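Here are the chains, one letter per residue:
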Amino acid sequence: MSRVLILCYGNPLRGDDAFGWRVAERLLECPPDPSIEILCLHQLTPEIMDPLSRSDFAIFIDAAATGDPGAILEHRIDPDPAASAAFTHHATPEALLAGARTLYGRAPEAVMISVAGADFSLGAELSSLVSARLEEAVGAVLRMLPRSAL
Amino acid sequence: MPRQKIVIDPVTRIEGHSKISLHLDEQGRVEEAYFHVTQLRGFEKFCEGRPFYEMPSLMARICGICPVSHLIASAKACDAILAVRIPETAVRLRTVLNLAQIVQSHALSFFYLSSPDLLLGMDSDPALRNIFGVAEAHPEIARDGVRLRQFGQQAIEWLAGKRIHPSWVVPGGVNEPLSAANRDRILAGMPEALAIARRTLDWFKTGMERFREEIRTFANSPTLFMGLVNDKGGLEFYDGKLRFLDAGGHVVQDGVAAADYGEYIGELAHPWTYLKTSYFKPLGYPEGVYRVGPLARLNIIDGCDTPLASQEWAEFRELDRGAVLSSFHYHYARLVEILYALEKIEQLLQAPDILDPNVRALASANQSEGVGVAEAPRGTLMHHYKVDRDGLITWANLIIATGHNNAAMNRGVLQVARHFVQGNKLTEGMLNRVEAVIRAFDPCLSCSTHADGHLALEIDLRAHDGKLLDTLSN
Numbered sequence: 000m001s002r003v004l005i006l007c008y009g010n011p012l013r014g015d016d017a018f019g020w021r022v023a024e025r026l027l028e029c030p031p032d033p034s035i036e037i038l039c040l041h042q043l044t045p046e047i048m049d050p051l052s053r054s055d056f057a058i059f060i061d062a063a064a065t066g067d068p069g070a071i072l073e074h075r076i077d078p079d080p081a082a083s084a085a086f087t088h089h090a091t092p093e094a095l096l097a098g099a100r101t102l103y104g105r106a107p108e109a110v111m112i113s114v115a116g117a118d119f120s121l122g123a124e125l126s127s128l129v130s131a132r133l134e135e136a137v138g139a140v141l142r143m144l145p146r147s148a149l
Numbered sequence: 000m001p002r003q004k005i006v007i008d009p010v011t012r013i014e015g016h017s018k019i020s021l022h023l024d025e026q027g028r029v030e031e032a033y034f035h036v037t038q039l040r041g042f043e044k045f046c047e048g049r050p051f052y053e054m055p056s057l058m059a060r061i062c063g064i065c066p067v068s069h070l071i072a073s074a075k076a077c078d079a080i081l082a083v084r085i086p087e088t089a090v091r092l093r094t095v096l097n098l099a100q101i102v103q104s105h106a107l108s109f110f111y112l113s114s115p116d117l118l119l120g121m122d123s124d125p126a127l128r129n130i131f132g133v134a135e136a137h138p139e140i141a142r143d144g145v146r147l148r149q150f151g152q153q154a155i156e157w158l159a160g161k162r163i164h165p166s167w168v169v170p171g172g173v174n175e176p177l178s179a180a181n182r183d184r185i186l187a188g189m190p191e192a193l194a195i196a197r198r199t200l201d202w203f204k205t206g207m208e209r210f211r212e213e214i215r216t217f218a219n220s221p222t223l224f225m226g227l228v229n230d231k232g233g234l235e236f237y238d239g240k241l242r243f244l245d246a247g248g249h250v251v252q253d254g255v256a257a258a259d260y261g262e263y264i265g266e267l268a269h270p271w272t273y274l275k276t277s278y279f280k281p282l283g284y285p286e287g288v289y290r291v292g293p294l295a296r297l298n299i300i301d302g303c304d305t306p307l308a309s310q311e312w313a314e315f316r317e318l319d320r321g322a323v324l325s326s327f328h329y330h331y332a333r334l335v336e337i338l339y340a341l342e343k344i345e346q347l348l349q350a351p352d353i354l355d356p357n358v359r360a361l362a363s364a365n366q367s368e369g370v371g372v373a374e375a376p377r378g379t380l381m382h383h384y385k386v387d388r389d390g391l392i393t394w395a396n397l398i399i400a401t402g403h404n405n406a407a408m409n410r411g412v413l414q415v416a417r418h419f420v421q422g423n424k425l426t427e428g429m430l431n432r433v434e435a436v437i438r439a440f441d442p443c444l445s446c447s448t449h450a451d452g453h454l455a456l457e458i459d460l461r462a463h464d465g466k467l468l469d470t471l472s473n
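For the protein sequence lines, the chains are A and B, in the order given. Per numbering that gives the first Met the number 0, the very first residue in the first sequence carries number 0; after that it's consecutive. Per numbering that gives the first Met the number 0, the very first residue in the second sequence carries number 0; after that it's consecutive.
Worth flagging that the hints you see were computed from the coordinates, not collected in a lab. Just so we're clear, the structure is a prediction, and the values are computed from it rather than from any experiment. Keep in mind that the hints are not guaranteed to be accurate.
Here are the in silico distance ranges between beta carbons for each label pair [stated by the list, open to error]:
{"#": "1", "chain 1": "A", "residue 1": "Leu-38", "chain 2": "B", "residue 2": "Gly-261", "range": "36 to 46 Å"}
{"#": "2", "chain 1": "B", "residue 1": "Arg-417", "chain 2": "A", "residue 2": "Glu-24", "range": "25 to 35 Å"}
{"#": "3", "chain 1": "B", "residue 1": "Asp-122", "chain 2": "A", "residue 2": "Glu-24", "range": "19 to 29 Å"}
{"#": "4", "chain 1": "A", "residue 1": "Gly-104", "chain 2": "B", "residue 2": "Ala-82", "range": "56 to 66 Å"}
{"#": "5", "chain 1": "B", "residue 1": "Arg-209", "chain 2": "A", "residue 2": "Arg-105", "range": "45 to 55 Å"}
{"#": "6", "chain 1": "A", "residue 1": "Leu-12", "chain 2": "B", "residue 2": "Asp-355", "range": "33 to 43 Å"}
{"#": "7", "chain 1": "B", "residue 1": "Ala-256", "chain 2": "A", "residue 2": "Arg-105", "range": "46 to 56 Å"}
{"#": "8", "chain 1": "B", "residue 1": "Asp-124", "chain 2": "A", "residue 2": "Thr-65", "range": "33 to 43 Å"}
{"#": "9", "chain 1": "B", "residue 1": "Asn-174", "chain 2": "A", "residue 2": "Glu-24", "range": "37 to 47 Å"}
{"#": "10", "chain 1": "B", "residue 1": "Ala-360", "chain 2": "A", "residue 2": "Gly-138", "range": "28 to 38 Å"}
Every beta carbon over 10 Å from chain B, so not counted as near; a handful from chain A, in silico [as the list claims (entries may be wrong)]:
{"#": "11", "residue": "Leu-102"}
{"#": "12", "residue": "Ser-127"}
{"#": "13", "residue": "Arg-132"}
{"#": "14", "residue": "Glu-134"}
Here are the computed lysine to any residue pairs in the SDA-like style, where the Cα-Cα straight-line distance is at most 20 Å [stated by the list, open to error]:
{"#": "15", "chain 1": "B", "residue 1": "Lys-161", "chain 2": "A", "residue 2": "Asp-49"}
{"#": "16", "chain 1": "B", "residue 1": "Lys-280", "chain 2": "B", "residue 2": "Asp-304"}
{"#": "17", "chain 1": "B", "residue 1": "Lys-161", "chain 2": "A", "residue 2": "Pro-78"}
{"#": "18", "chain 1": "B", "residue 1": "Lys-44", "chain 2": "B", "residue 2": "Arg-60"}
{"#": "19", "chain 1": "B", "residue 1": "Lys-204", "chain 2": "B", "residue 2": "Lys-280"}
{"#": "20", "chain 1": "B", "residue 1": "Lys-161", "chain 2": "A", "residue 2": "Glu-24"}
{"#": "21", "chain 1": "B", "residue 1": "Lys-161", "chain 2": "A", "residue 2": "Pro-145"}
Just so it is clear, CB atoms sit at the ideal spot from N, CA and C, and this is done for glycine as well.
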């Protein structure tokens, strides 16, 4: 059975940065599937390398501070140890994939789904621009999952 | 040569935002050094008017790395306002939670933030000098670091419901008893965690000789030390009384109750930083400068009540005749404390009444004032509240570990900068040592205020007329 790890991350109290968490909430409304793990995180930390190495496919869901507000971007991400240069105690998906491969011998295929945020000020609500794209992002995640999932 | 200034902004691999300024004299020698905390949080003011029982959850938001510490100190201050004695099982559960926090936070500090300096070298390529660089060069050690932090965080989640900002600790106790299943899950991970702690201590001690110069110069000067000790003078993280020790290893003040901290601890503000500086009042400032945290805790105690950590502590104290003075040894002390925390968690979870359902004393406000003191990973943490008749906060004062350590950190930066920095030429390695002395203290400037985007390190060297003489950036 293919194992999928969905990592939804951001600050749920900073407006559109909660996008990943809102997507996770929608996905968790679907019937549970033991092959799929959904994590809600404030930020990516090195501990994520362990569950990443145990998955076959990973989906990172985040809000981006650049781009046209509301625009959804999907792209494949590959392991890249050089992406760790700015590390303090949070990390990039590329660095975590590279670390998973180095430490545990394997890294999953991975994609990033991000939405360009419009408003990152204090608050628990998404902006209307980003909120309007939520279902589209949920749909994108569901299309990427194995047919048996969710 | 005109007077010059070097600025390191931001300081990297610490919790929060700060910068360092080095002022050079006419000969290009470091004359003064300042550690500036550049963020302002304001918790002491904006909690005014809120009900006191909201404080633990609200204050936990100060930090994303050590929310448990604020939760516990705040809840203890609220216990004092309730004027209750909380159930013994609640004390034990809070203690276990606090110790799990010690494990995960110390693991983060040691493995993620400081081990790159220790394993890859202070002068190594800064692009690789991080935990991912350690993973490439020493995968077994990086795996241990990841596993140990996972263990601490997982224990916090199994106890308190979630890893960051849990609300399990409440005024009067905790809001839910521990289940047998969660106790057993924590205990099941203990053998592996203990094995990691022991082998980490072994390799660290073996390699310490390579850092003789850093040991000699990293805030290695006489100060007082402060922390909590239990009624036997032993290592204590949750309760106990405050003890002050001098550099010679002599107790200068003992048995100070939490509520009396104001008689012994003074605070002052500097115009160049948002971080207040604490000092031992009877000696005044700067004679009363003291340090807190792992190094201080291992200096002030008469022993610790777990077998493995007790042996390690005895060996640690052999480093100096009096108190161990070099702040480089914060790293060593941190590892001993991880071992202690793991052993103590195991002891407490094996106590027969740890699953007792009586875990909370209920009351309303019976006192107008409360002080809560506990040992956070970085040192003694104090929360002090005053409330009105309706239980609304009218005044709050927080003294965090980094404030206690502020003066000592500044001294340390000056000492390292004088030794390693020569003004007419900058090298990344020598400036990394200036940062590394701060990292040894593991200051918490609050990690909940990350800036978006890339953390840049840029150091400008300027003449006093503003002319750029040299620059360095990552």
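Hint check:
Between Leu-38(A) and Gly-261(B) the C-beta distance comes to about 44 Å, which sits within the given range of 36 to 46 Å. Between Arg-417(B) and Glu-24(A) the Cβ separation comes to about 54 Å, which falls outside the hinted range of 25 to 35 Å. Remark: the range hint 19 to 29 Å for Asp-122(B) to Glu-24(A) is contradicted by a beta-carbon distance near 47 Å. Checked against the hint of 56 to 66 Å, the pair Gly-104(A) and Ala-82(B) passes, with Cβ atoms roughly 57 Å apart.
Under the hint 45 to 55 Å, the C-beta atoms of Arg-209(B) and Arg-105(A), about 34 Å apart, miss the expected range. Taken as a hint, the range 33 to 43 Å holds for the pair Leu-12(A) and Asp-355(B), whose Cβ atoms sit roughly 35 Å apart. For the pair Ala-256(B) and Arg-105(A), the supplied restraint of 46 to 56 Å holds, since their beta-carbon distance comes to about 55 Å. Against the hinted window of 33 to 43 Å, the Cβ-Cβ separation of Asp-124(B) and Thr-65(A) comes to about 28 Å, which falls outside the hint.
Take Asn-174(B) and Glu-24(A): their Cβ atoms lie about 24 Å apart, and the range 37 to 47 Å is violated. For the hinted restraint 28 to 38 Å between Ala-360(B) and Gly-138(A), the CB-CB distance of approximately 51 Å leaves it violated. Annotated as non-interface, Leu-102(A) brings its C-beta within 10 Å of a C-beta of chain B; the closest such distance is 5 Å. Look at Ser-127(A): its CB is around 22 Å from the nearest CB on chain B, clear of 10 Å, so calling it non-interface holds up.
Distance check for Arg-132(A) against chain B: the nearest CB is about 20 Å away, which clears 10 Å, and the non-interface claim stands. Distance to chain B confirms Glu-134(A) as a non-interface residue, since its nearest Cβ pair spans about 26 Å, more than 10 Å. In summary, the hint linking Lys-161(B) to Asp-49(A) is supported, as the alpha carbons are separated by about 19 Å, within the 20 Å threshold. For the hint pairing Lys-280(B) with Asp-304(B), the CA-to-CA distance comes to about 31 Å; that exceeds 20 Å, so the pair is violated.
Under the criterion of a C-alpha separation no larger than 20 Å, the hint pairing Lys-161(B) with Pro-78(A) is inconsistent with the structure, at around 29 Å. Our distance criterion of 20 Å between C-alpha atoms is met by Lys-44(B) and Arg-60(B), whose separation comes to about 14 Å. Annotation: proposed proximity of Lys-204(B) to Lys-280(B) is violated, straight-line Cα distance about 36 Å (limit 20 Å). With a C-alpha separation of about 17 Å, the suggested pairing of Lys-161(B) with Glu-24(A) holds against the 20 Å cut-off.
Note on Lys-161(B) and Pro-145(A): the hinted pairing is violated, with a Cα-Cα distance of about 29 Å set against a maximum of 20 Å.
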